[in-house]
Amino acid sequence: MSQNNVSDAFLQQVFRKVDADGSGSISSNELQAALSNGTWSPFNPETVRMMIGIFDHDNSSTIDFNEFKALWAFITQWEKVFRGFDEDQSGSIDKNELRKALTTFGMFDHDGSSTIDYQEFRALWSYVTEWEKCFRKFDLDGSGSIDKHELKTALSSFGYRLSDRFYDLLIRKFDRTGRGTVAFDDFIQACVSIQTLTNAFRQHDRLQNGEITINYEDFLLLVFSLKM
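For the sequence shown, full-length UniProt numbering assigns the number 1 to the initial residue and increments by one for each residue that follows.
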């Protein structure tokens with residue numbers, strides 16, 4: 001069911017079910033209880049906290065119905081993106097699928113608001129579409145997947161220079177099940193974290209050469225000031 005076809009009445013019904021204590025707003029605990037991965041395991045609490053933070057415009061640490069509607073649209077769009085990269089429809093994203101997915105996420109938070117508004121989301125969605133076209137271009141054998149050579153060629157065209165060692169580390173950090181895959185919510189958290197780190201890096205990369213020089217205290221200030 002797409003967001004455009006979801007009525008307010010339906011969302012009100014969902015909202016009331018999630019709002020377990022009937023307070024008229026949804027807490028992070030209530031949201032976590034309502035959300036599950038493809039494995040039916042609860043969402044990572046940190047991911048839920050991040051999602052609440054994005055849509056909690058009145059800083060109440062909860063979300064009201066209007067904020068919930070925006071969150072619903074956000075989750076729906078992310079689920080579409082996730083399913084697009086979950087090529088084997090396993091309900092989780094493995095190392096190679098994650099590597100492809102990361103190439104689609106540039107810096108779309110142009111106003112530094114730590115959120116993506118409608119115009120910024122349109123830019124992101126347009127970029128995803130263009131990357132999908134590029135993906136088909138580099139899928140030389142038409143198999144619906146990209147082998148190592150094809151993958152390196154595709155990633156190079158996007159300017160990414162990330163090592164296998166980094167992707168191994170990324171999987172270990174966000175793989176809570178120990179199966180070498182990343183679940184839906186952890187995938188969101190990984191992408192948001194990388195976007196935040198890349199934003200911070202680029203602010204210090206004054207020569208735009210992919211390198212920065214930073215002293216120890218500035219490094220600590222940078223790390224502890226990040227909203228992750």
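If you're looking for bench data, these hints aren't it; they were derived computationally from the structure. Hints may contain errors.
[Claimed, not checked] Simulated restraints on C-beta separations:
#1 Tyr-216 x Glu-79: 19 to 27 Å
#2 Lys-137 x Gly-24: 32 to 40 Å
#3 Glu-87 x Arg-176: 16 to 24 Å
[Claimed, not checked] Listed below are the simulated EDC-like cross-link pairs for lysine to aspartate or glutamate, each with C-alpha atoms no more than 20 Å apart in a straight line:
#4 Lys-69 x Asp-21
#5 Lys-17 x Glu-30
#6 Lys-69 x Asp-56
#7 Lys-17 x Asp-88
#8 Lys-17 x Glu-67
Glycine included, every Cβ here is placed at the ideal spot set by N, Cα and C.
Structure-based check of all given hints:
no. : hint                         : in the structure
1   : Tyr-216 x Glu-79: 19 to 27 Å : 41 Å, violated
2   : Lys-137 x Gly-24: 32 to 40 Å : 50 Å, violated
3   : Glu-87 x Arg-176: 16 to 24 Å : 21 Å, holds
4   : Lys-69 x Asp-21              : 19 Å, holds
5   : Lys-17 x Glu-30              : 10 Å, holds
6   : Lys-69 x Asp-56              : 12 Å, holds
7   : Lys-17 x Asp-88              : 32 Å, violated
8   : Lys-17 x Glu-67              : 16 Å, holds
Taken one by one, the earlier hints fail for this structure at numbers 1, 2, 7, listed in ascending order.
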